[in-house]
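Novice: Here the protein sequences come in this chain order: A and B.
In terms of the numbering used here, the first sequence is numbered consecutively and its last residue is 136.
In terms of the numbering used here, the second sequence is numbered consecutively and its last residue is 493.
Calculated from the structure, these hints are not laboratory results.
Among these hints, one or two may not hold up.
Stated by the list, open to error - A partial selection of chain B residues facing chain A, derived with a Cβ cut-off under 8 Å:
(1) Thr237
(2) Gly349
(3) Glu350
(4) Ala367
(5) Gln467
(6) Thr476
Said to hold, decoys possible - Footprint (simulated), chain B over chain A, 3 or more residues, beta carbon under 8 Å:
(7) 8-14
(8) 32-46
(9) 52-64
Note that the structure is a prediction, hence the values are computed from the model and not measured.
The C-beta atom is built at its ideal place from N, Cα and C for all residues, glycine as well.
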Amino acid sequence: MEASRHWRLKQERYTLMGEICPHCEEKIFPPRDICPACGENARNLYKYSGRGEVYSFTTVYQAPAGYEENAPYTIALVRLEEGPMLTAQLTDLGDETVEIGMPVEMVTRKLRSDGERGMLVYGYKFRPQLARTISA
Amino acid sequence: MTDHKVPPILKPIRDVGIVGYGAYIPRYRLPASEVARIWKAGSGGLLIEEKAVSGLDEDVITMSIEAARNALARAEIDPSEIRAVWVGSESHPYAVKPTSTVVAEAIGATPHTQAADWEFACKAGTEAIQAAIGFVGSEMARFALAIGMDTAQARPGDPLEYTAGAGGAAFLLGPAEISLATIESSYSFATDTPDFFRRANEKYPEHGERFTGEPSYFKHITSAAQALMQAIEASPSDYQHVVFHQPNTKFPQRVGRALGFKPEQIETGLLVPLIGNTYAGSALVGLTAVLDVAEPGDRILLVSYGSGAGSDAISLRATELLPERHNLAPQTQDYIARRTEIDYATYARFRGKLTMK
């Protein structure tokens, strides 16, 4: 049970909250104290749109503890449209095949549960962009 | 006991409306014929075509978050102005720990907000809407979010298994002057009727026997709809659309006919043939499909039903702001069109009906 860690990361996980560096405007995800681009303090929050594309992907058949019930599942390196790259599960694939460059969008999903009696952990995953009859 | 010659409708001090709305329906579909195949029931007279099934990583929390985000996209307001996040469901993921706090956190409504889970079988969502009308209408809050969402449970082989689906909708209530649809008035009708229930710690509900149908669904919906229309001097022909709770295709069609509505008034909001009975989400997701196409001035009557039993009737009128917000979030039909058919075995896996340990 790591309730304190899940609690600490909830904003980042639920809403894709990262940072923008006030010195060089580098967009940062996951959030950290020091800007990786210029080395200055970076603590200004920045909420990402959740849109991005698949940079690369692989399918996990031997899942780590806590994720077995979802296996097999696909994880991807997703390049956010604002720049940063992150690792996340892909979901709602149905019968769609995953391709490099595929447009995806962030959804908040159940990541795992700590057993029958434990806490449910929620966070970001990405799914194929929802097809819309009339685009926004 | 007071003799109410005019039914006592629920009307707030300040006029209230729906400032934003959003639906969510999961991707997977289980055809009713597939349930019939497993239980050797034959495929004649099935109550629906197919039902929506939530994926392995979905529950009422994740589905409510997406519907709420869609409602906020249409409302175009700052989520920190929301003073209540209320989720009505009979499939809250936790027995104790609110669904609503996770939803409120994920949409940016915390910490200056009420958060609570509502429960009244299939009408928990409209209960939350009426409470939100009171919250906004009394000027305690400028905005309140009400959600009805379910991943409905059904015992394998039970007749409910054909229809018990997953989905729902979120409605942001706020001042009428910035609304996409104003609330004209509402009314609630409730009695102690034991037609359907699930005891604490039981996985599946009990239902049937003599209280299904006439003394429950039909009596409560008819009473609520007639009382509201009588009180506000409206008649069925005044409405462009009517949405009832939809446990199957026949019940809403029959109650609509009995009340004097025509099939074309029911059609747009009747989603049960394609997504199943989404319980607390059922009437509400039907309302989102209507709002997606409604024109300014259209009147809409919404009547929910929850076992146990009660009905909430709400009369709405679409405003000039509605058409320009239709496309700020995915439409309900977009979710219905996103469809992957699954077989019974996959359904059993997705719904946790397989013993893994």
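Novice: Each hint should be assessed against the structure and marked as holding or not.
Specialist: Each hint tested on the structure:
| no. | hint | verdict |
| --- | --- | --- |
| 1 | Thr237 | violated, 10 Å |
| 2 | Gly349 | violated, 36 Å |
| 3 | Glu350 | violated, 40 Å |
| 4 | Ala367 | violated, 38 Å |
| 5 | Gln467 | holds, 7 Å |
| 6 | Thr476 | holds, 3 Å |
| 7 | 8-14 | holds (count 3) |
| 8 | 32-46 | violated (count 0) |
| 9 | 52-64 | violated (count 0) |
The structure fails to meet hints 1, 2, 3, 4, 8, 9 from the earlier list, while all remaining hints are met.
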